[in-house]
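Go by the hints and put chain D onto chain S.
Chains as they are written, first to last, in this note's numbering: chain S, 1 to 164; chain D, 1 to 666.
Hints listed in this document are in silico derivations from the structure and should not be mistaken for laboratory results.
Taking lysine-lysine and the DSS-like style, the derived pairs with C-alpha atoms no more than 27 angstroms apart in a straight line are:
(1) D/Lys40 - D/Lys2
(2) D/Lys427 - D/Lys392
(3) D/Lys75 - D/Lys534
(4) D/Lys406 - S/Lys118
(5) S/Lys57 - D/Lys588
(6) D/Lys233 - D/Lys298
(7) S/Lys118 - D/Lys517
(8) D/Lys256 - D/Lys359
(9) D/Lys304 - D/Lys255
(10) D/Lys427 - D/Lys359
(11) D/Lys427 - D/Lys413
(12) S/Lys117 - D/Lys413
(13) S/Lys34 - D/Lys40
(14) D/Lys463 - D/Lys391
(15) S/Lys117 - D/Lys406
(16) D/Lys429 - D/Lys447
(17) S/Lys34 - D/Lys534
(18) D/Lys475 - D/Lys391
(19) S/Lys57 - D/Lys646
(20) D/Lys406 - D/Lys478
(21) D/Lys387 - D/Lys255
(22) D/Lys475 - D/Lys359
(23) D/Lys257 - D/Lys298
(24) D/Lys534 - S/Lys118
(25) S/Lys117 - D/Lys534
(26) S/Lys158 - D/Lys646
Predicted, not measured: the structure shown is a model, and the values here were computed from it.
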Amino acid sequence: MKMPTSTWNPKIVAFVCNWCTYTGADLAGTSRLKQEPNARLIRVPCTGRIDPVFVIKAFESGADGVLISGCHPADCHYNTGNYHARRRWTLFHNLLDFVGIDSSRLHFSWVSASEGKKWVTVVDGVIDEIRARGPFERYQKANSEFALPPALFEAAAKEVQQHA
Amino acid sequence: MKIGVFICYCGENIGRTVDCAAVAQACASIPGVAVSVDYKYMCSDPGQNLIINAIREHRLDGVVVGSCSPHMHEKTFRKACSNAGLNPFMFEMANLREHCSWIHDDIAVGTAKSIDLVRIAVEKVKRNEPLTPIRVPVTKRALVIGGGISGIQAALDIAGAGFQVVLVEKEPSIGGHMSQLSETFPTLDCSQCILTPRMVEVYQHPNITLMSYSEVEKVEGFIGNFSVTIRRKARSVRADLCTGCGDCVQKCPIKKKAYSEFEEGLAFRPAMYVPFPQAVPNIPVIDRAVCTYYKTGKCQACVKACGRGAIDFEQQDEFVTEAVGAIVVATGYKLYTIDKKPDDSQYKGYGEYGYGVYKDVIDGLQFERLASASGPTGGEIRRPSDKAVPKKIVFIQCVGSRDESKGFSYCSKICCMYTAKHAMLYKHKVHEGEAYVFYMDIRSGGKGYEEFVRRAIEEDHVKYIRGRVSRIYEKDGKYIVRGEDTIAGMQVEIDADMVVLATAMVPQPESAVLAQKLGIAYDNHGYFVEVHPKLRPVECSTGGIFLAGACHSPRDIPESVSMASAAAAKALVLFGSDVLEREPVVAKVNESTCAGCFYCQKVCAYNAVERREIRDRAGNLRKVVAYVNEGLCQGCGTCNATCPSKSVELIGFTDEQLYAEIHALA
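For reference, chain D alone in the conformation it holds in the complex:
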């Protein structure tokens, strides 16, 4: 074997704490190394040419580059090897930057460790085998999870390009939080007016299959070849018969047992309900938890009201399986609350400012409903307790955001803008009213955003107070808001009629469960994690799964829409080719030693291990051995570690390679 070793300085990133020339010199004496050189930037064109020329000149069989993490440049160097005519899998990387130079200060220590790391890589590459990528077909259909504005946008973009889309929404209607909003910043255009046409477009699009009131149950497969099982929850109404006339909703006698989710608990809804009048699809759902029929079997008011016979009390959840090639996750957010049932929530809840105790201390989404023309007050700002018009409102920003002791370290990003909008809407509706905003900083980055906040302050005379609120208590029918004005350097007390808390955005509570089904990463808050924060912001580390909207991080409507279009574009890139090349790191069975115990089959998470019969020429069954389906195998190697006779090996990480790495340390 002739191995080439190439040590990179990465400018000064490695060179500062590792004597790269000494490493290259020391590595030249490792058995099998034919050439060992150092260079300023291996990933640059001249650096890559250095490798290419060395491969040709020395007829190298393997290459080791000592530079950064393989997650950074493995592809770059494999390509260089390939350009020189060397099989790209005859390449290994030693991570001298992230795992050495950046974490150690001492040159002697860094140099010695670097030599070790290169030696390990050399011993491995000696035992590498030339491999060819596996080609798998691409199913040109997409699944979009979540029917808020992000999911709607992604679905419309993919469908518009001519590909089939399955859109799954867990609520009875698509629309998400955007459908609850009154007006949107910074233009103050009506949210429903711009959203509902898009909802209808989704419903009528020939390429979109809408599955509302449905949830993703199981995800199998891999990029280009996912098989997704979707639970279609029982509506108790037959979608094929229902015309959406709403007679059943009118006749339902259970009017005041359940709070409307859409109205954020500010109003009741019947047991038979559509979330809101513009719902898509406009098919009602029976809330079985409160419906009299499901409790006593007596009431059948809706059955009598329905002229089409669409009510079906016996309906069961249905499971459908869809084959898709790409998945866009757009599950959105929730507001951080103490919740009506705090025990059910993964969050402890803010537990301050009397939220959940005082009726007139509400959150941002509740204020949206009060301000909305379709809301419970018809767009008049009236406080929930006595329906009086509040003369003085206090808005408090950063409730849970930027506050690690009581909430989250992150900034929820949209609250500065929507609080300015709320204060403005209030002043437009209650001219003589007073609006106060307690803020930490005003973060109004965005087109026309800063101007919008200035307008609230200068034209609508909203009073901004820089400081935190220490407590809120009730006194003579008023809410006394005590805080500090850090600019004036004094304590302030405001006797407010109503308080609106800009509570933090959090991911949907089930986001971690969904992430586990999809096999994608999520952070400690439950937000899904992209593969690279700057250069691959919408892709997950699991291939073929893309992120859109607030399930990734707090973001407003324009940002969610752009991210959704970006995710759709990524899915379309995938659909641009008929076959996909995949790394050939898969398990392979040695049929001559396989004893057919099938322990490998038991531990395989992908059902990739099959049974294969070995017959002699006469057709007599000699034995049954394991066989790995390359298309299904994801290359984890669990079978390899499990096999008692070591008859199944993970190509690229064979026992021989790993033992060589271990021995190289001695």
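Extracted from the complex, chain S is given alone in its bound form:
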């Protein structure tokens, strides 16, 4: 793996639930708790909404690390969504190596609406971890090497449409 250069800044995509972690991150802001600026939050109603494919897509789109965070067990606004997320995560985490992603690039945490401080610790921790891992380049390389030429891609898309 290429060593990170001094100008490189990791890109973190954070999928957070609306009720606990997003509000917790709001609290961190209201409390003026300074954080590393590398995380970009994508708000979903519940961690149960997070499809494992989102994580793959995030890496494909240039993320160096992904964080999933929601309500603590038993605190889910939707009763059980976070349990589904946890189950998916347990399975999916084990499959990451198979798709060529170092599993330490995917993080999972529970941050409640009152845990502004914890949110900062989690985000900064993930950013530090990813910074130590260096940029995630495998998918970019794969994309450039194996992507279909645009003309072929369009033809394929058309064919799919005809069959649909």
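The following block gives chain D in isolation, referenced to the frame of chain S:
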């Protein structure tokens, strides 16, 4: 698509660390953006007019405002869109304040991140669909959980407005802690004298269904449409036959096996008991853990005593389901103790000052019972060990409160006042006695409160010592209280006959379990959390559920009563309309691709997924697909993530929208 981008400075809140003009300029070049401007305060009237005019002038299809958290102003801006004739759901917010300007110092960093955040929102809004709110009917009945003074007040207010109320109390009688108190500060009026008429009023009110000795088992549904299952615990006495004569209680031979909960362990109660003479309802309960019949099957003294044949040993817990539109939670507090069985308690216990070891080291509620005319000593202050009148009492404040190492960080708020009251009551009853109070600070904010404390010090000569107590030990029948007087700067030792600890208030131990049933938030202590600490102090983040009294935070009687009335008013606001508009963020099934695997049904926490048969014109069954009941769906999206064929989509958070957001980051 024509998207309008509006960047807010929020005065200096965003403008200080984000170059808003540069963000607006950069966003103008995002594909689809037709207009991109910045303004000092977007939420102000001129700011909103700016948006409205731009929508009309540029015929915008979507709006993105880069300002504060959507939890703050999403509604404001949606309304502005709506006023301009744009569907309010064609709007997204980029959180440039809480998630950017307030947490970063560097302008370049803040500006770059802001552009990213707006770009994500623009990509999402391009894929938004115009939606209309879902209208659901409102069941105009309320459930009140907890029959202390807060629950009583809330129930009476809602019932008084003409709506049905179900009041659930887990103890055999309503009344709560207030019924245990001797006198109340700052007026020193008798607690029971003001409370019991209200208890009777609850019992006799035609609009109130009282379910005592009952607990909430399960809560389903949502605002305006809750379905609550209540466990009516078996009293072993038939409420329809019992007249409350009390003959069975008199005849019960098991007099000294169980401590009275009402007397805070200072007296015994029989196995067949009513908690206190003024109990409402005045129907006894058999404590099956100590009753001889349940152990050996032999004793039937109560059956013989009862002229009405109301005793029913075979009675089972019953479950009733009530449909309500609003829920008021008023479960109250407990005092922080080391408990008789510390293992059962979620708290480790204070474990200091010999509490639970020395018989004459008691807590505030126990002192209330000693001072109460209906208490075990008939209102005489006598210490529990030898029933002697204590000549010297030490009161210690802040036991567990304001003490993170041994208890809780918070102030329990009522202890300064009740300690002054206790000391005063003691001096009124034992004229020659000496009362000492160890305090950290005197917090007596409230109408007539400071004057009350001054009265204790100046007229009743209670000696206040500012400082903490380091230890208490027993010596020659006295309790030596060693502490410091921080004003005199010296160590003090008092040989007391009795010590009263003003232990911290804590929520009921089962509060977290109840919160999980209700789906409401609670803090690390177990107190329920309101949706906004200042502007929405009695509402929970789950719609239709309101908070009253000490289950929210430590508070005294007047504050609990006002909060209960506020919660009742909120429930009445809800009952003011026949239908409720709800956000249309619900799941929707694409019937043409649904394969009918029903994984969505398995993961749905609300039973919102139903089976729908698709038939051809001849009436032949073609296939069975999933169908989402909009009224039940709460919009979590778990089904969407689970569906193998992606045939069920969460409107407002579709795969297409989320992938667009992810791609926008590249």
